[in-house]
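Enquirer: What follows is the residue order along each chain.
Protein chains: 2
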Amino acid sequence: MLTATYARRMEAVRASEIRELLKLTVNRDVISLAGGLPAPELFPSEDLAAITATILLNEGAAALQYSPTEGYPPLRAQIAARMNALWHTSYTAGEILVTTGSQQGLDLIGKLFIDEEDEILCESPTYVGAISAWNVFRPRWIEVPTDEDGMIPNELERRLDACRRAKFLYVVPNFQNPSGRTWSHERRRSLMETAARRGIAVIEDNPYGEVRFEGADVPSLRTMDPEGLVIGLGTFSKIFCPGLRIGWIAAAAPVVAKLVLLKQGADLHTPTLNQMQVSASLAAPGFAERIARIVALYRSRRDAMLRALEREMPPGVRFTRPEGGLFLWVELPAGIDARVLLARCMEAGVAFVPGEGFYPNGGHANTLRLNFSNMSEERIEEGIRRMGVALRGLLANRAAERVEEARVP
Amino acid sequence: MLTATYARRMEAVRASEIRELLKLTVNRDVISLAGGLPAPELFPSEDLAAITATILLNEGAAALQYSPTEGYPPLRAQIAARMNALWHTSYTAGEILVTTGSQQGLDLIGKLFIDEEDEILCESPTYVGAISAWNVFRPRWIEVPTDEDGMIPNELERRLDACRRAKFLYVVPNFQNPSGRTWSHERRRSLMETAARRGIAVIEDNPYGEVRFEGADVPSLRTMDPEGLVIGLGTFSKIFCPGLRIGWIAAAAPVVAKLVLLKQGADLHTPTLNQMQVSASLAAPGFAERIARIVALYRSRRDAMLRALEREMPPGVRFTRPEGGLFLWVELPAGIDARVLLARCMEAGVAFVPGEGFYPNGGHANTLRLNFSNMSEERIEEGIRRMGVALRGLLANRAAERVEEARVP
Chain A
31 MLTATYARRM EAVRASEIRE LLKLTVNRDV ISLAGGLPAP ELFPSEDLAA ITATILLNEG
91 AAALQYSPTE GYPPLRAQIA ARMNALWHTS YTAGEILVTT GSQQGLDLIG KLFIDEEDEI
151 LCESPTYVGA ISAWNVFRPR WIEVPTDEDG MIPNELERRL DACRRAKFLY VVPNFQNPSG
211 RTWSHERRRS LMETAARRGI AVIEDNPYGE VRFEGADVPS LRTMDPEGLV IGLGTFSKIF
271 CPGLRIGWIA AAAPVVAKLV LLKQGADLHT PTLNQMQVSA SLAAPGFAER IARIVALYRS
331 RRDAMLRALE REMPPGVRFT RPEGGLFLWV ELPAGIDARV LLARCMEAGV AFVPGEGFYP
391 NGGHANTLRL NFSNMSEERI EEGIRRMGVA LRGLLANRAA ERVEEARVP
Chain B
31 MLTATYARRM EAVRASEIRE LLKLTVNRDV ISLAGGLPAP ELFPSEDLAA ITATILLNEG
91 AAALQYSPTE GYPPLRAQIA ARMNALWHTS YTAGEILVTT GSQQGLDLIG KLFIDEEDEI
151 LCESPTYVGA ISAWNVFRPR WIEVPTDEDG MIPNELERRL DACRRAKFLY VVPNFQNPSG
211 RTWSHERRRS LMETAARRGI AVIEDNPYGE VRFEGADVPS LRTMDPEGLV IGLGTFSKIF
271 CPGLRIGWIA AAAPVVAKLV LLKQGADLHT PTLNQMQVSA SLAAPGFAER IARIVALYRS
331 RRDAMLRALE REMPPGVRFT RPEGGLFLWV ELPAGIDARV LLARCMEAGV AFVPGEGFYP
391 NGGHANTLRL NFSNMSEERI EEGIRRMGVA LRGLLANRAA ERVEEARVP
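One line per chain: the protein sequences are A and B, in this order.
In terms of the numbering used here, the first sequence is residues 31 to 439.
In terms of the numbering used here, the second sequence is residues 31 to 439.
FYI, nobody ran anything at the bench for these hints, they're computed from the structure.
Hints may be right or wrong, so weigh each one.
Cross-link-like lysine-lysine pairs, in silico, BS3-like; alpha carbons within 30 Å at most [what the hints assert, rightly or not]:
id : chain 1 : residue 1 : chain 2 : residue 2
1  : B       : LYS53     : A       : LYS53
2  : B       : LYS288    : A       : LYS288
3  : B       : LYS53     : A       : LYS288
Small disclaimer: the values here were computed from a predicted structure and weren't measured.
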């Protein structure tokens, strides 16, 4: 009845068939390599029970009350200090806006910048949550060809030259979701030179940076940003837990001031208690140790997945070897549709995410994303084994069909 | 630097001078009749500490994990059951979307319906949070003249006739923020007849309905809605606590399905733990008793404020006598600017909110909103006394200026 009165932007908002399909995995004994769920066995349940009781019994009147849109002041200061220590930035507390997960950061940034038909430039593939946050503002998505070191500089320049109103560059430089790739230092420097020359904002989304298994940190884009063009996004979802929904935006103070006005309209403020829970947890002993346990666990799960892929995948399958994060990326032989493979795998009790949804302009049907954070090594190995069986089945069918076609007079 | 690249919608997003001014009240010993803060002495701090420990120790892996965008299933069912029991509606769990405060409900509804220049019709005055949520979508605000019983029907019809693309009617039928007024049954029926005849959506925002001091409940618009045009907004902020940010939208299932897609882009989901905290609190003994204590406390504070206003306000001041909620509304003598009065009152250590911000098209400088939920009876009485002194001072100045002007040849 009301359908006729929806806003035009709803044309760009569609339910994902894949997401609906994957919902079926929740209540069944499926080996899910699909979601991006952290390992719940490392959640801080007991510590948080004690911390929460202390907060509620000592400061309940504040913890359960409305609070400033900008965020809980001690948490803003802690986030700035952590970023500065980890990434050698020089943020102040006033440059941090606490958000209801970093997904809200994406929404607020879209509201701040995107007019209909504006261009936004992203890696190809890019984070699907950014696509869903920004499609409502009806931008043109410019996918920049990306190799194992990041966006290819002359491809970026060429596309920027063709833009009419390019609003920002969106990148996930560390262990990208979905590809698992990390930008090289050189490519980061090149990106920031381009951004500075053109005066264009850069969204540096870094949810996985602390989940590094090996190798050295690569400098944050923010350390190459004398102009204040970088807007950073962060989250406690991967290094603490996602269910509290605590993320942040780090940006120049005038940008934060605008984002605060938008957040006021969006949800008034992020839950007060949750901010105090994270703040107290950061101040308590054991925060860094828990991250170290997460890193060790995910490293061994990544290793298990890589070993299984090497063993089980037929020739012609390529996959990335991420130095951190939660995901790796698979390219199937050309002509194999990952959605068809998913249907077969679901019958065999294994789920993953076909890659097409990570390309805002579609295509790339032969790609898929695998998550290794949420399943045990045994289940990862068994899942990849079943995927291998299903894929070899598809390839055999295809070969048989070709023989068949060749026989038809 | 980035200012030049903001989206056009930012022209409609401005910092409120009043809000900035009122921030100054937070850290001083000001009698604040300004905010809309619930009384923290009735927050469920101790009960919630115990409930949270139980959740985290028994179900921590779920409580701290990502969860469905639609909301925690038991909470959706509890909200539907409560609404049906309180308001004689017939919502199912599938018609409830849990939101990060009901402010997020406003944002999602704006995204779903409003194209630039679309008309939205509201009471005059209306809730300032709706103005800040929807201004980003650049609608035309059509204020409908409103008396003590609700929108005036022929004024509404006349304005709808003049609309090109009216998208929805927005009303707060119970103890409205800011006016404190409650719609009569007859006016509600008339509104829904108009909405049905024209096939226009109605947003029924009901944050205060359970905070009734006297008189009988008036039926919900939803009970007069065979077409499914009503979209309800609710919140636990006023009957439990605001710091957890748990609200909801109640609407026909196809509308909820669209809102779910928008919420996915906006913040993925409302914090899992917070939803489980509210769900467990609803199931525990004492929830209704706590609401009864809130109602009794706010009733006595409203009474204290009304007594003080009768005693302290000079002739020519009018105010509403709300049957519930947190606010009442004051009209000063014509020509007195509430912002000027606020400046005087701030010097005397009292704060309130000037009324102009509640009119999306401005004007009505002689109005103001008073909150009675957050201060003791003694402080309310002292605050109103000081306001009376300040106002009489302004009126005396004005009288003296008039005598002066009459003398000038």
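Enquirer: Taking the hints in turn, state whether each one holds.
Expert: We went through each hint and held it up to the structure:
In summary, the hint linking LYS53 of chain B to LYS53 of chain A is not supported, as the alpha carbons are separated by about 45 Å, beyond the 30 Å threshold. A distance of roughly 28 Å separates the Cα atoms of LYS288 of chain B and LYS288 of chain A; the hinted pair therefore holds under the 30 Å criterion. Taken as a hint, the LYS53 of chain B and LYS288 of chain A pair is honoured in the structure, with Cα atoms around 17 Å apart against an allowance of 30 Å.
Hint check: a violation occurs at hint 1 only; the rest are consistent with the structure.
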